[in-house]
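As given, the protein sequences belong to chains H, X, C and F, one line each in that order.
Reading the first sequence from the start, the letters are residues 35 to 212 in the working numbering.
Reading the second sequence from the start, the letters are residues 5 to 527 in the working numbering.
Reading the third sequence from the start, the letters are residues 4 to 104 in the working numbering.
Reading the fourth sequence from the start, the letters are residues 8 to 653 in the working numbering.
Calculated directly from the structure, the hints in this document are not laboratory data.
A hint or two may mislead.
Claimed, not checked - Just the calculated beta-carbon pair ranges, DEER-fashion:
hint, chain 1, residue 1, chain 2, residue 2, range
1, X, L213, F, I586, 27 to 35 Å
2, X, P465, F, L624, 37 to 45 Å
3, F, N84, X, P415, 20 to 28 Å
4, X, N496, F, H490, 52 to 60 Å
Said to hold, decoys possible - Cut-off 30 Å, straight-line C-alpha distance, at most; resulting in silico cross-link-like pairs (DSS-like, lysine-lysine):
hint, chain 1, residue 1, chain 2, residue 2
5, X, K375, F, K213
6, F, K213, X, K489
7, X, K111, X, K451
8, F, K35, F, K170
To be verified - Among the chain F residues that face chain X by a calculated CB cut under 10 Å, a handful are:
hint, residue
9, F75
10, D175
11, L195
12, F199
13, I590
14, S594
15, L605
16, I610
Where is the CB? At the ideal position from N, CA and C, for every residue including glycine.
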Amino acid sequence: MLLDTVIFYICAIFAVGGAVMMILQRNPVASVMFMIVSLIAQAVLYVQLSALFVGALLIIVYAGAILVLFLFVIMLLNLRGERFEEERPKLGLTTKYGLAIIFFFEIVIIIKQTVFTGSISQSPITVASDFGNVKPVAELLFTKYLFPFELTSILLLVAIVGAVLMAKKENNDKGEQI
Amino acid sequence: MEDRILTLVTFFPLIGAVLLLFVPKERDDSVKSIALIIAFITFLFSLMMYSMFDPVANGMQFEVNIPWISTFGISYHLGIDGISLLLIMLTTILSVIIMISSWNSIKTGVKGYFISMLMLETGMLGVFVSLDLFLFYVFWEAMLIPMYFIIGVWGGPRKIYAAIKFVLFTMFGSLLMLVALLYLMFMYHSFAGEYSFSILDLYKMPIPLGAQTYIFLAFALTFAIKVPIWPFHTWLPDAHVEAPTAGSVILAGVLLKMGTYGFVRICLPMFPEATLQFVPLISILALIGIIYGALVAMVQRDIKSLVAYSSVSHLGFVMLGMMALNVQGLEGSVLQMINHGISTGALFLIVGMLYERRHTRMIADFGGLAKSMPVFSTFFMIASLSSIGLPLTNGFVGEFLILLGVYKANPVYAIIGATGVILAACYMLWMLQRVIFGKITKPENEKLKDLDLREKIILIPLVILIFWIGIYPKPFLERIEPAVKNIVSIVNSSRTASEAGMSKGYKCVGDRCDTHTFTTGGK
Amino acid sequence: MIVPIEHYLILSALLFAIGAGGVIISRNLIIIFMSIELMLNAANLSIIAFSLMHNLMDGHVLVFIVMTVAAAEAAVGLAIIIMVYRKRDTINADKFNLMKR
Amino acid sequence: MEYSLYLIPLFPLVGFLINGLFIGKLNKKFVSFIACGAVGLSFFYSAHLFFELLSLPAEARAIEEILFVWIPSGQFNVNIGFLLDPLSIIMVMVVTGVSFLIHIYSIGYMHDDPGFSRYFTYLNLFVFSMLILVLANNYLLMFVGWEGVGLCSYLLIGFWFEKKSASDAGKKAFIVNRIGDFGFLLGLFIIFWQVGSLDFATVFEKAPAMFAVGGTLITAATLLLFLGATGKSAQIPLFVWLPDAMEGPTPVSALIHAATMVTAGVYMIARSNVLYMMAPTTLAVVAIVGMATAFFAGTIALAQNDIKRVLAYSTVSQLGYMFVACGVAAFGAGIFHLMTHSFFKALLFLGSGSVIHAMAGQQDMRYMGGLKKHLPATYWTFMVGTLAIAGIPLFSGFFSKDEILWKAFSSQYGSTWLWVFGVAAAAMTAFYMFRLVYLTFYGEGRMDSHAKEHLHESPKVMTIPLMLLAVLSIVGGYVGIPHVLGGINYFENFLEPVLHAGQNLPVATHVLTSGSYSTGTELLLMASSVILVLLSIILAWYLYRKNTDLSGKLRTSMSGLHKLLLGKYFVDELYGAVIIRPIVNGSLFLWKIVDVFLIDGLINGLAVVIGDISTGLRTVQTGRLRTYATIFLAGVVVLLLFVLLR
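Can you make the complete structure from the sequences, with help from the hints?
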């Protein structure tokens, strides 16, 4: 359907544009904003790929929580528009852009060569109507993947403890210089 | 008992080391006593083993073979023949002696020192009892660690340099050995269809000459560094000079023998054709070692490095005798390993006693000690004379048999080698003359205390052994003989086979070779 | 489903490349960090696409877990940034070269 | 029948152990009792065995007793075993007899020395080793004694170790002997691998079959054994240690460096006569070396001033005679001279010891003189010794020396030249001995007044051995009166069974039947040598007694020659410059340059190179996060490229 295609391209443009703008900004706040744009566009694409639950998570967790955390830190450190003095980098910017571009094309070629050699992509995929809904995903999570799921909770716990410990202001500053 | 005695002897010191861990480290005296008792009990066990050993039986005795990592055919396979028996006895005796000798000289880190020593003893014994190449390798490497600490922690001023040099030299060799070992393992797999690291199995495997050459070289280099054969010897003087007395004794007495033992146990019987190819090279290097070590020893200023260079010379004799590949040469070579352990061990102990009194080892700082320390001088003289191979001391029997055998193999080698006997007299007597004879020129030397009871107790067993082996070496020789004859016949059969245009392998059918295989299982 | 899966994958590749470029171009630690998040997202996108292609929802679970990891990483990483900033008063990545000895 | 041969060396060994283990704890009387008693017991026991041996028929006079297996190794098998035959019993008798007398003498001589018990310990060890040497039934055990006496010689020369020259001399003796032993060992190897045994009996029985007469192997083996003999018996080129050995106590010089040990080489060659008879080349070498040494050492002795050095060179010279005898296949004559020499040379040394004792350690003859009236007993006994060594008829030296000279002339292997040089050496011997006597005992005392007061005759314990030796020096010769003088040569008849084998070899059948010369020739030669000797005695008398100024003038007019002789032809200096210095410098080179610089340098250099490479590689580590990331990405790109282009 044409509409799908249009939505895809619009979202793709937003996702890529947001991403590019994000890395080109000097101001980290603006950077975060562009990142949010990119993420929302990606979330739409998720939905388009019938991943409702994950798409929703992307908005809620990423855009809503993680990036806000970034923003929070930027505010906390009052980093707005910090000017970094120019140093002559060892490898020129062109080289770096070049590297990234070559990298992109390599991946594309690989995708072309390996994944889609046949007509799978062309044929419309028929999936169950509740594919990607909360319930089936949750069923998987709590049955087949229960153990990894529980492990993630431990990971988060550890991350919290670690973050708290590290970010805590040391009163007696005996720690080694970083 | 028969099948457990080897395990007992090998691991008893390790048990002792673990035991020592639980002794509080302030209690130096109990640490020392426990270490001594452990070493002594190990010695008693080895005596028991000696008495159980059947001198006439052919093949390995007290064999144990328990699968360890069966996927790769690695097993806990122990067993000894006459050669390893004597080396084990030497190790256990020297271990007791060094425990006593370290009594006063080690002041710091006593606990760590004695634990290292006991671990070292297990490592050394393990090398001599292993019949599994992998196990051999493990013990070979394991023994490096405590020795590294002994030199690096309790050594002299340049101890770090010496310790690192020692470890790097040895490691370099043993890595080559590891590669060769793996190669052998895969080769055995394609030969017999299963993995095995057992030395006795590997004896039976035919190896094409080309591969044999490379594997031989890898093993030979490992052992040559350890022996050390010229020109791989430069780690030795440094290690000896810097190591504490007991470290030097063990280093000279046992560690160097691991190299020559490796040649006898692995290189000769496993790669006979390659050995035959390399006989001229190794013999010439050994000859260079004999002459070179003696000449350089002559101009040393430090007594300890003089003795160290004399070791290079003596080990040259051992290698030369081995390369004669006949009964006399090889028997002399094995006996000379023991002799060198005893007489050089005694010399190092004596130098250590001198160092404890004067805190110097420079020849120029002494002179006239025969006047102030007559007993000391007598022991010094006996040890030196044994080292230069005076008849009725142990050194003579070994050197004579070596030269006799070498003469049979190649008279020119024997003639050149025999000049080493002259040079040995030169450097030893010159040193003796400057140290114990002459007038006392330094006032510090006038009031030196002669040997006390502890020091006499250390030296007397060694002196007894010096004369015992010199006057009645039969018990030792007859135990070595079956093992030596086996090796000689393996090498000789390959010599005749290769002369007839065949290689060792073609004479073997399956895993049964003709007459010259090692029979397994003692009586 | 008219849009071929291939398109999604290429988009994902593009996003990943941009993320990678961001890591090597930017000096700002925070932006570097966000670039890494972007790369994770790009990977997520392709996982979702594959998931649909194979008609398996296991991919969604994987994305879920990746997100959790991303969250944990963000928490710890930001904590590190805060600490570094306290010590050195900057988050210019080029200023941190203690590794050079 | 059981002879318990092991008892002979056992007594001195026990003495050595008792004195050695309890050194410093026993009083002097006990020590000397044990030491002398041990040697005395050995002597009396061997005398007993001598008569036992005499009671046996001549062919059965070879008793072999084996104690235990010493070194068994494959087909190599050597026992600790003893062999008693006429040759060894003579040696045993000489060794124990002379040792016994010298032990007794030493009680007096060493009485005030702080190392009294150490001295007797060493001395007993020496007797033990020497007995092992002469009693051994195989070459290897002989070698044990051979090295053992070398060790004792080392210890006893360096007895006063605080004197640097003494310990130097000891070391020199040991090392020079070792060079000889090196040859001995190699000789043994040839014999063993050719014959398959080192037992004397087996070797001598099988050797004729195993070696080609005059072949390379037998020549090499005998020459190598002879190298050992030149070391032990101080022949050219290894004689340099013996004169220096005079640093030891004088009784030691008498026992070891005159009477017993230095004759071991002669004994060994006589023992191996079978082998030597099969190698004519070697025999010629032995004769030439022996004669050269006899002559050469005689010339040195002419100019020496040290009383003991004169005697030392005289010993070297006399040993040369014995080798000449061996070289012309007259082994019996060699052993005969060995025996008489050990009597009169021991006597001379002990006499000189008595002189030195009286002079409170002074050994330079230029400070002696006129001692005849102070030391009558010493003088008379010394005179007997001098007459004996000079070869005056009726004294023992005459018979033995003349036997050698005759054999040198008449034997198949001898020649006129050997005889000429032999007589010249004999004349020199007479000259320097009488020079010594005149300088020492006659004329005015040239010592200072303090020393003059100190002059005294030695105690009885020293003079009685002198007298006994003097008696032996006279009668010792009468066991071997040559046929030409109407005697029966008991001595050589007794030795015949041992030397029989060698002389019955096909190559040597006509040695004994050298009857092509008339008895008249023999008598003529004998007379001419005696006359020459007498003439040189008169010359000595003229130069050193009658007209002492002339000797001084002679010295200045021929100062070059005199310096050369006084400096012993500078052989020591030559050896030092040609052999010792290059070795020491070469060794320093090996150590400092090859070892420390080259080998260690190579290894350390390797380490430095690795270090440098690492330093270079370290610059890649900028420490910047972005650089790492870039390199990382570049790595991925390259890797993917690789995958794609594959």
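Inset, instruction - Any hints from earlier that this structure breaks? Give me their numbers in increasing order, please. - result: 1, 2 and 5
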